[in-house]
Amino acid sequence: MTDADTSSAGRRADDPVEEAGALARRVAANVEEVIVGHHDQIEHILTALLGRGHVLLEDVPGVGKTMLARSVAASFDGSFKRVQFTPDLLPSDITGVNVFNQKTQEFDFRPGPVFANVVLGDEINRAPPKTQSALLEAMEETQVTVDGETYEMPAPFTVIATQNTVERDRTYELPMAELDRFMKKLHLGYPGQDDEAAMLDRVVGNHPIEDLSAVATLDDLRDARQAVATVTVEEAVREYVTRLAGYTREHAQLGVSPRGSIALLRAAQARAALSGRSYVVPDDIQTEAWVVMPHRIQTATAETTGVDVVSGALETVPVE
Amino acid sequence: MSTGTGSGASHASETETDAGSRFSPRRLALVSAGTLVFSFVAALYQIIDVVGDPTTFVVVVGGSLFLATALSRVLRARTAFTIGVVLLVGGIWSYASALGVDVFAMQDSIINDVMSLLTGLSVLRLEMIELWVVSVTPAPVFLTWYLAMRSRYVATVVAGGATLTFFVLTGDVGTTVALLGVLGAAGTIGFGRLDRFGGDHSATDVLAVVLAVMVVLTLTVSVVPGGTSQPFQLLGAGGDRTMEASLINNDQRLTVQGSIELSPEVRFTVESDERAYWRVGAYNRYTGDGWVRSGSAQEYPGQLPGPPGRTETIDQRVVVESRLNAMPAAWRPVSVSDTDNAMVSRLAGLQPARPFTAGDSYRVTSRQPDATVAELQEAGEDYPDDIEDRYTQLPASTPDRVEDRTDRVTDGADNPYETATRIEQHLEEGKAYSLDVERPDGNIADSFLFEMEQGYCTYYATTMVTMLRTQDIPARFVTGYTPGEETGDGEYVVRGLDSHAWVEVYFPETGWVKFDPTPAGPRSEAEQSRLEDAGVSDTDVDTGDDDEEETETPTDTPDPLTDDTPTTRSATDPRDGPGGITATDTVTEETTAPSRTANASGGGSGGLPLPELPSGEQLALGAVVLVGLAAGIRRTGAAERAYRAVWLRWQPRRDPASDVERAFERLEYVLAREHRPRRPGETPRQYLDSIDADERARALYDRYERVRYAGEVSEQVAEDAVGLADRIVSDRTGRFGS
Chain A
7 MTDADTSSAG RRADDPVEEA GALARRVAAN VEEVIVGHHD QIEHILTALL
57 GRGHVLLEDV PGVGKTMLAR SVAASFDGSF KRVQFTPDLL PSDITGVNVF
107 NQKTQEFDFR PGPVFANVVL GDEINRAPPK TQSALLEAME ETQVTVDGET
157 YEMPAPFTVI ATQNTVERDR TYELPMAELD RFMKKLHLGY PGQDDEAAML
207 DRVVGNHPIE DLSAVATLDD LRDARQAVAT VTVEEAVREY VTRLAGYTRE
257 HAQLGVSPRG SIALLRAAQA RAALSGRSYV VPDDIQTEAW VVMPHRIQTA
307 TAETTGVDVV SGALETVPVE
Chain B
18 MSTGTGSGAS HASETETDAG SRFSPRRLAL VSAGTLVFSF VAALYQIIDV
68 VGDPTTFVVV VGGSLFLATA LSRVLRARTA FTIGVVLLVG GIWSYASALG
118 VDVFAMQDSI INDVMSLLTG LSVLRLEMIE LWVVSVTPAP VFLTWYLAMR
168 SRYVATVVAG GATLTFFVLT GDVGTTVALL GVLGAAGTIG FGRLDRFGGD
218 HSATDVLAVV LAVMVVLTLT VSVVPGGTSQ PFQLLGAGGD RTMEASLINN
268 DQRLTVQGSI ELSPEVRFTV ESDERAYWRV GAYNRYTGDG WVRSGSAQEY
318 PGQLPGPPGR TETIDQRVVV ESRLNAMPAA WRPVSVSDTD NAMVSRLAGL
368 QPARPFTAGD SYRVTSRQPD ATVAELQEAG EDYPDDIEDR YTQLPASTPD
418 RVEDRTDRVT DGADNPYETA TRIEQHLEEG KAYSLDVERP DGNIADSFLF
468 EMEQGYCTYY ATTMVTMLRT QDIPARFVTG YTPGEETGDG EYVVRGLDSH
518 AWVEVYFPET GWVKFDPTPA GPRSEAEQSR LEDAGVSDTD VDTGDDDEEE
568 TETPTDTPDP LTDDTPTTRS ATDPRDGPGG ITATDTVTEE TTAPSRTANA
618 SGGGSGGLPL PELPSGEQLA LGAVVLVGLA AGIRRTGAAE RAYRAVWLRW
668 QPRRDPASDV ERAFERLEYV LAREHRPRRP GETPRQYLDS IDADERARAL
718 YDRYERVRYA GEVSEQVAED AVGLADRIVS DRTGRFGS
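Same order as they appear, the protein sequences are chains A and B. The first sequence begins at 7 in our numbering and counts up one residue at a time. The second sequence begins at 18 in our numbering and counts up one residue at a time.
One should not assume that every hint holds.
Stated by the list, open to error - Derived coverage of chain A by chain B (criterion: at least 3 residues anywhere in the stretch with Cβ under 8 Å from a Cβ of chain B; other residues may be distant):
id, region
1, 236 to 244
2, 284 to 292
3, 312 to 325
Source of the hints: derived by calculation from the structure; they are not laboratory data. Idealized CB from N, CA, C, for every residue including glycine.
Using the sequences and the accompanying hints, generate a full structural model.
Here you go:
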């Protein structure tokens, strides 16, 4: 989905929405220094970032999930932390602990890895639910509570979690309610033949990620997020989102929640900004619906998936 | 019919469903059944309207409909059927008992009467017709409507159709109303089936088209060259121009005709010691457009009573010269001899049991009332009840202005005799004589009095009787022959062209006295020229050479008046046999150039003829045709296409936002025709990409997108968008292409 109309909009260069779009495109280009192919997924991660959402990457091991997340994080000058989820991981291993300070005779809080601008939660489905929920609380509330003390998360705060689709027997499937908190669920998939060859070419010698430098500051990101929130959503588009959500609720056991509708709208706002527009068009909604909606839908039978339902919704719900 | 605007799409579906419920098969079936009921109720109404006040009848019909509607919810069909039969039998029984008829004793004659009704005898002939109508009406109305309400559509048509058929057979239903009834029956069955077995709009449309085609075909098949020779006349009557068939053939019903012809054929000769009008029959019941004689004829009993007062006896011997289904005789016949063919009507006239043929003869003795003018003037108004009942009837629909005019004409008249002579004089002087008239619609007397300037004897006589009856003076319409040519001593030759219609007025103590409002002079001229045209002197010895003599010798007024009273009734020349009764089989010359009554009326020569308003039935048929046309148009989508063509080319400006949206709809419509319609889930961008739309289309979309999704509305954007749409549309379709 390309957008040719950026010039006709006739916006000034210092327009905040325009700048947000420019930022996203700059970061995307930067990430593509490291990641070959996966252009759409990179854009999806960036729109999630601008739309204040979190991303769940699901795929087989070794397709570059972690590398993608690291590249995005490295493109900003913010902090980046990585947590490898394992069956014996405890909640405090994520959130941090209070340690008794002999000198001051007081407990000092040692923040866990969750206190970072970009947190990569690797193989989140390997940890037990209690540990998972510690991360999820941080995602939803943008705060962490330890021993009754509440600690604010840094801003911006984005979680990119990955999930392994093999070795299902020793994993803890994320419950629906927790999946709902991820704005998007993405699949990377294997690279194409040309892409894979190009990738191999790059990793010979120094891995490009080592040379990757930040192209944006956290302030840039914060401004961009604010600008994206101002992108116009006219009633026609809001109604379209409502009808899509309504369709999924009619055609599945569990349809898209209102939280899902909000997420879709925010992602679409970011998508519009990325395309250089200050208003959302139905195309933005359609592009984002494929990744925002399916993981929130529970179908009655195994034959149909959330993707099928979304596909049905996009085909039948009229665009007006 | 869907509207073109996109926001109107939802409206369109709403109106569609709206229309669906309004034109549901159930509703249409009920409307059709209502039409069927209406058709025979209309026939009954016309009958009741002739004899008097229709209020009771309307109440009865309304009550039956209400009862049927109410009971249709609670009553089973079997019970309702029983109720219907009970109503019918009870109605007939109450009618019979009111007549004082012993049903069981008179079975045969009742069956005979029913048979003659079913072979074309108008129910108007029945005695106490008002009671008959009110007694008979409830059953069919109740049954038909009840069955329709119960969705028993076939049974509805059986009940209603049988009733309608009865009135068709008695000749009391006009073609238009009958056609309406048939349409109702067809519609009831058709829509009823759709109602019971389901059917969509298209089936309803098709049925509506079929009904319309039924009407159009029926109306046009007769004007197609080589089609049926007897044209179906929706407007006016016309058709049969020969009145003799209906008049002299002893029909019980006489319809006033339009232009007519004169026949010079000799009918019969009379040997009589007195000149007289050779009277054939009288009619008592006026229907507005014709006359009906009620009651049936009976065997001649051997002797008949004479009139009450002083009389003059006339002995006549009649020799029939050509087939004649009448028995002319001077009023009032008291005895008949030399034939066994005589019957006597309820109105004391003679008629043959079977038509006379050439060479037949009979003798009649008549006793003509012989009262002086003074006696008639003093006769008073003490009429017997049965005479008053029978001979002062007028259709309830008779306009009041007839009475008003009569009041003025007869203002100052002290007695019925004077009233009658004034009316006679008024008509004689006020109207011109002509055989060429356009038969008016509606009440003949009213039309003749107010709208027509000329007419012939039937019009004069009808109008005079009507006027007399508005004054409550018993009068009746009489047909027969003028005395004819006197060829020798007491011998009269009577031809077809001598046929005539006149008036009889009742005077207590005297009986029926003849009045003839038709002006004498013009009649004899018409007749004379007809005789010359036919070269009559060659055809029959009896006519002899008396032409001039006849015209030269207008005899004095005939005979109720004695010679010693110089009478005010001066104008009736017995020789002046007017036209009005002619035979079909003669060599006739049609008079041409019918004069339009509308032209002739009141305002003089300059006025344009006003188009006559169609009747309710004609309007109903027209409505059926229009609905069928509309359904056909809807079926074929012609209206939709026409609407689209206009919609596409002409965009009225409203506010910028809707202007832009409409402009984009026009674009989409054009593109849909050129490529494919946009799929519901397809965004406009995807659509334009997939059909590889050109720059202008994209520019227009850009305006649309900004208005619709960015809320950037301005006059300029709207201007651009509409301009783009106009150019795109005219490029693709041309100005008038589609």
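Status of each hint after checking the structure:
no. : hint       : in the structure
1   : 236 to 244 : holds (count 4)
2   : 284 to 292 : holds (count 7)
3   : 312 to 325 : holds (count 7)
Of the hints listed earlier, there is not a single one the structure fails to meet.
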